[in-house]
Each structure stands twice: as structure tokens, then as C-alpha cells.
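Let's have the full structure, built from the sequences with the hints guiding it.
Numbered by the UniProt record's numbering, the letters in the sequence shown go through residues 1 to 202 in order.
Worth flagging that the hints you see were computed from the coordinates, not collected in a lab.
On a predicted model such as this, the values are computed, not experimentally measured, just so you know.
Incorrect hints may appear among the rest.
Stated by the list, open to error - In silico lysine to any residue, SDA-like type, Cα no more than 25 Å apart, as pairs:
1. 188 <-> 97
2. 62 <-> 43
3. 29 <-> 51
4. 75 <-> 90
5. 62 <-> 52
6. 31 <-> 57
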Amino acid sequence: MHINDLSTYSWLKITQADVFKGFRDEDGKFKQEITSDVRGLLSLYEASYLGIPDENVLDEAKIFARSHLHKLLYKAESTTITSHQLSRALELPSHWRIRRSEARWHIEQYKDTEGMDPAVLELAMLDFNMVQLVYQTDLEDLNRWDAEELDELPEYMKICFMAVYNTANELAYYTIKQQGFNCLPYLKQAVRIRTINTLLIN
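And the structure:
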């Protein structure tokens, strides 16, 4: 371990202990009163996935938050966070998801939110659709490529295709190795998207 890595690691450990001090009682257990704050509990659950292996505090936080979120899911007591949002968060942390698809999901959820601001919704949809049009153009180019016909491509295109192909496989390899989650089907699904209608929000 490099000295800078050790310094960062030590700082994170000290910071981590301080951050969670306010959430624990005298016995070192998480306070029961935080279970009534659904958003806070969900944030704690999401944050627990940002730890490094063998971080006991974050492991305990994950178990505590998951347990209470499951209870809330079945009671469906929350009006600020729907049971659909809770089940989605428990299925896979939002920072593990593909950001653009997560943005689309949140826009769709916002449409049905009480007190929704139409101007904010319109701006979010316009921004999303403009970026998606750029992605659509890129995807159309990628969808025409076939690994078996690599020899037919010009040299500069071979390099580009192999970079995308290798990056996707490398990303999937490291995700499986480090997180135990196979993201390759999701990456392949993203590349298979062919029509503007499936990418844009109406």
C-alpha cells in the first residue's frame, strides 16, 4: 500500500467513525428513532454500499437499514417514497445503475408526484431527450458493427469497435469480480436499443 493510500484510508476510517457516531446509542447500536425517517434510512442504505470490504460499521448499517426498509415496504406507510421506489432501491443501489436509465426512471416517477412542477418536468424531459438523441446516433453506428465482420471495417473503426467491445467486457469482469454482479446483460441490452421511441420520454 502506498503512503498516500494509507493516509487516505486512515482519514476515511476516522471520518467514518465520526459520521456514524450520531446515529448510534450508548451501546453502539443504531438508534431506533432513525427508522421513522424513510429518506434518511434509504440514504444510509445507499451509503452502506460505498464501503470497502470488512468495514464493520457500514456492514452493520446495511443490515440495519435493509431490515427496516423491508418492514416499511410491506407496511407501505410512506407517502414521500413509494413502495415501488423502496423495492427498486432494495433490488439494486441507484449508484450501481446506469445513470441515464436511472434519470429516466426518476423523471417518470416525478410525473406522478404530488406537487409536481410542470416547468421542471418539461425541462428535465427536454434535457433527457436531447442527450438521448446524441446517444441514439452513436448507437445506430454501433449497432451496424458485427465482431465477425471486423476485417471489413477500416483500421480506425476496428480500433474504435474493439475499444467499446473490450471496455464492456472488462467492466463486466471487474463488476463480477468485485461486486458479485454480472452487468454484461445490461450492457448488451443498452447496445441493442434501436429506436428513438424507446430512448425518448414522451
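Tested hints:
1. About 14 Å separates the Cα atoms of residue 188 and residue 97, which keeps this hinted pair within 25 Å; it holds.
2. Between residue 62 and residue 43 the CA atoms are separated by roughly 10 Å; this keeps the pair inside 25 Å, and the hint holds.
3. Between residue 29 and residue 51 the CA atoms are separated by roughly 18 Å; this keeps the pair inside 25 Å, and the hint holds.
4. Under the criterion of a C-alpha separation no larger than 25 Å, the hint pairing residue 75 with residue 90 is consistent with the structure, at around 15 Å.
5. At roughly 13 Å between alpha-carbon atoms, residue 62 and residue 52 fall within 25 Å of each other, so this suggested pair holds.
6. Between residue 31 and residue 57, the direct Cα distance comes to roughly 14 Å. Compliance with the 25 Å bound is thereby established for this hinted pair.
The structure shown violates none of the earlier numbered hints.
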